[in-house]
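Following the hints, complete the assembly by docking chain B onto the known chain A.
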Amino acid sequence: MHLDAILLARLQFAFTIAWHIIFPSFTIGLASYLAVLEGLWLVTKQDAFDALYRFWIKIFAISFGMGVVSGVVMSYEFGTNWSVFSAKASPAIGPMLGFEVLTAFFLESSFLGVMLFGRKKVGRGLHFLATCIVAFGTVVSAFWILSANSWMQHPVAFMLDARGRFIVTDWMAAIFSPTLPLRFVHMVLAAYLSTALVVGGASAFVLLGRPGQRESRIALRMAIGMVLVVAPLQLLIGDAAGKQVGETQPSKLAAIEAFWDTKAHQAFNVIAWPDRDAQANRFALSVPELGSWITHGRADAVVQGLKPMGRANQPPVAVVFWAFRIMVGLGLLMILQGLVGGVLWLTGKLDGARLYLRFAALMAPAGFVAVIAGWTTAEVGRQPWVIYGWMRTAEAVAPIGAVQVSASLLAFLIVYAVVFSVGALYILRLVAQGPAPPGEAEASSRAPGSPLGAALAEEEPHGD
Amino acid sequence: MAIDLPLIWAGVLAVAVLLYVLLDGFDLGIGMLFPFAGSDRERDQMMASIAPVWDGNETWLVLGGGGLMIAFPSAYAILMPALYLPVILMLTGLILRGVAFEFRLHGRGRGKPFWTWAFACGSLMAAVAQGFVLGGFIQGIKVADDRFIGRPFDWASPYTLLVALGLVAGYVLLGAGWLIIKTEGPLHERARSWAQTAAVAVGLVLAAVSVATLFVHPEVAARWGVGPHVLEERRLLPLAPIPLMGLVGLMMAFMGARSREAHAHTPMVGAVMAFLSGYIGLGLGFVPYVVPYALTFEQAASSPQALTLMLIGVAILLPFILGYTAWVYWIFRGKAPDAGYH
Chain A
1 MHLDAILLAR LQFAFTIAWH IIFPSFTIGL ASYLAVLEGL WLVTKQDAFD ALYRFWIKIF
61 AISFGMGVVS GVVMSYEFGT NWSVFSAKAS PAIGPMLGFE VLTAFFLESS FLGVMLFGRK
121 KVGRGLHFLA TCIVAFGTVV SAFWILSANS WMQHPVAFML DARGRFIVTD WMAAIFSPTL
181 PLRFVHMVLA AYLSTALVVG GASAFVLLGR PGQRESRIAL RMAIGMVLVV APLQLLIGDA
241 AGKQVGETQP SKLAAIEAFW DTKAHQAFNV IAWPDRDAQA NRFALSVPEL GSWITHGRAD
301 AVVQGLKPMG RANQPPVAVV FWAFRIMVGL GLLMILQGLV GGVLWLTGKL DGARLYLRFA
361 ALMAPAGFVA VIAGWTTAEV GRQPWVIYGW MRTAEAVAPI GAVQVSASLL AFLIVYAVVF
421 SVGALYILRL VAQGPAPPGE AEASSRAPGS PLGAALAEEE PHGD
Chain B
1 MAIDLPLIWA GVLAVAVLLY VLLDGFDLGI GMLFPFAGSD RERDQMMASI APVWDGNETW
61 LVLGGGGLMI AFPSAYAILM PALYLPVILM LTGLILRGVA FEFRLHGRGR GKPFWTWAFA
121 CGSLMAAVAQ GFVLGGFIQG IKVADDRFIG RPFDWASPYT LLVALGLVAG YVLLGAGWLI
181 IKTEGPLHER ARSWAQTAAV AVGLVLAAVS VATLFVHPEV AARWGVGPHV LEERRLLPLA
241 PIPLMGLVGL MMAFMGARSR EAHAHTPMVG AVMAFLSGYI GLGLGFVPYV VPYALTFEQA
301 ASSPQALTLM LIGVAILLPF ILGYTAWVYW IFRGKAPDAG YH
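Those protein sequences? They're chains A and B, same order as listed.
Taking my numbering, I'd label the letters of the first sequence as residues 1 to 464.
Taking my numbering, I'd label the letters of the second sequence as residues 1 to 342.
Calculated from the structure, these hints are not laboratory results.
You can trust all of the hints, since none of them are fake.
Computed footprint of chain A on chain B; a stretch qualifies when at least three of its residues, placed anywhere within it, have a C-beta under 8 Å from a C-beta of chain A: (1) 48-57; (2) 73-83; (3) 301-308; (4) 315-322.
Calculated cross-link-like contacts (lysine-lysine; reagent style DSSO-like; alpha-carbon spacing at most 30 Å): (5) Lys121/A - Lys45/A; (6) Lys307/A - Lys243/A; (7) Lys120/A - Lys335/B; (8) Lys45/A - Lys349/A; (9) Lys121/A - Lys335/B; (10) Lys121/A - Lys112/B; (11) Lys45/A - Lys120/A; (12) Lys120/A - Lys112/B; (13) Lys243/A - Lys263/A.
Every residue, glycine too, gets a C-beta built ideally from N, C-alpha and C.
Looking at chain A on its own, in the form it has when it is part of the complex (with noise of 0.2 Å):
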């Protein structure tokens, strides 16, 4: 009954989690991209940038607003399912998570209404900065879950009270975590990339339909660019970030690798099938040499397996094995589509190369994919432990009954399948609209004879 529990909360968190972290990709991404693009309609005047910054921050509202709502879930979690957690862990991470409470989330909650609702009531140089505000908001939210989640991954800079609550006896080693700048990198940069991949995405989309649409035409060359830079950037901080890994967490590199003896000269498994009852891989795909040097830069490099560890220390392999191979699979796919994309760029083709528009359609939601599964690695990797080394899951747990939280699963489930699939589909319905032109750009996005859409087309007269 007891394990019921666990796994039962261990599933509601993974649950609630994988939705959330969804709506911050998106949106760290998707402020700064207002940002430019509101920027950039100022500077140059050009109408498109604005009809581009109406278009996508109807988007970003609808994502914002279910970014919010699944994430005030989260600060809840922690004491209804982890108490244990949080009574042992609050003095340490407590802070970091209030922190971006004070600097991040009132910033971007109150300045999101000036950026919806108050273009009229300020001026064009404060609604920018609003925008910018909240651009910068998502990006500090970041950096704080990143610095709780780090000091996790790799706890520093702290003692054991009697209480056996983790005090932290220097903060800024604490905050500032030796895993942190990596990981925080990575994690904006992910959000860069989805937010170009969907971008992109819902751009080629409608040019595909309308082609030579003037917006999507722009912002796709705009995404192009992103990924092109972005993609190959986010490999070289990858790969540093896995190195690190290997150094701070070793039974999670050996668990993406399906490592399973300690030795040098590891094979590189490309695809395997890491059984833990069987202590082996049942099956796998390698290439000799490749596995030390890829983590460790030469093939003469000791690495850790897992069997030395012993299995109660082991993470489920499977998983962590394959939702890494999912994430840089997708990542090479990136990096694939931004050097294609440049290259019909340059070649004056990119308009009417079809294929390559349903291939970046077909992208948009890769970013997403790449993100969860790049925390399932993290996350799962990280197991049996909640603090590595120092406090497992199953003694985080909070005193409660399966019961109790299948219910709240259960109800989680209906809520969020209802709310998000909706909210999935109101985006897709933007999207498949695509932007309109200036002028038309408000009341088509209501409902026909919406009092909303009648009310917003009559009092829109534009060049404000």
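Below, chain B alone, put in the same frame as chain A:
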């Protein structure tokens, strides 16, 4: 003189929760009034009056929960499992109503009525659940070894139901007060009658909750100096201004909503006074407990290192937050537009 960190934090948290209740209170109240609006156009107006600020309002809830975790982790670790079901109910309600702000604009056909309904029900669920949390909290929680040891439905009782009713009525009063300030025309007239009904309801339920609290808790009764057989004036008299303020507030709300001569802000100010009275009144019943009647805020406090760091953060950042929150409210001052989007 040493700084009493836990005491300061108890104060910070008390203010954050109060701000949450007042701010999100009026927009939850408007959600619950949604079904009573005369038309969809009126509902659009109601939503437009809160759309720019609701998200900021709800952030105080995150600060409330987060602040409890930061400052009093042991209390957070006991209260959340103890109040598990109401908390989940609240979160579910907040999801439904939170997304409705955007979804209602995009719904077609049956979509819009569905999200209208979700906004109203979600708001009601959140308000009722918060009432359960508050009632369950005041009622007391079974604790041993810093762990909750009670049962999943310990919080459920006629008393918590009464508290939930009171909170619902109170939020509706705040919501009606807000609408009186922000709207014109038929909706404004409707809000005036809603405010009058709500003021009477709050008065009745608040009185019932007060009496019930005295019966449920001899401890509280002793603090107030009243009980079935005792009346200690020297205890009661110094505290008398608190219920008096509530009574005056409710009268202001009622009369202000009734009379066109009164300033449009009068009902809202009255509602805030009633909330302050209830908040302080209930608070006096369980100070210094942060888990009634098991754990004081001193016992539940986090490490001095964490409290110090966060206090510095709060001292620097909170003035800014209050400043730009006030600025946003100021930008959107005056009557709400019929629909003001983007």
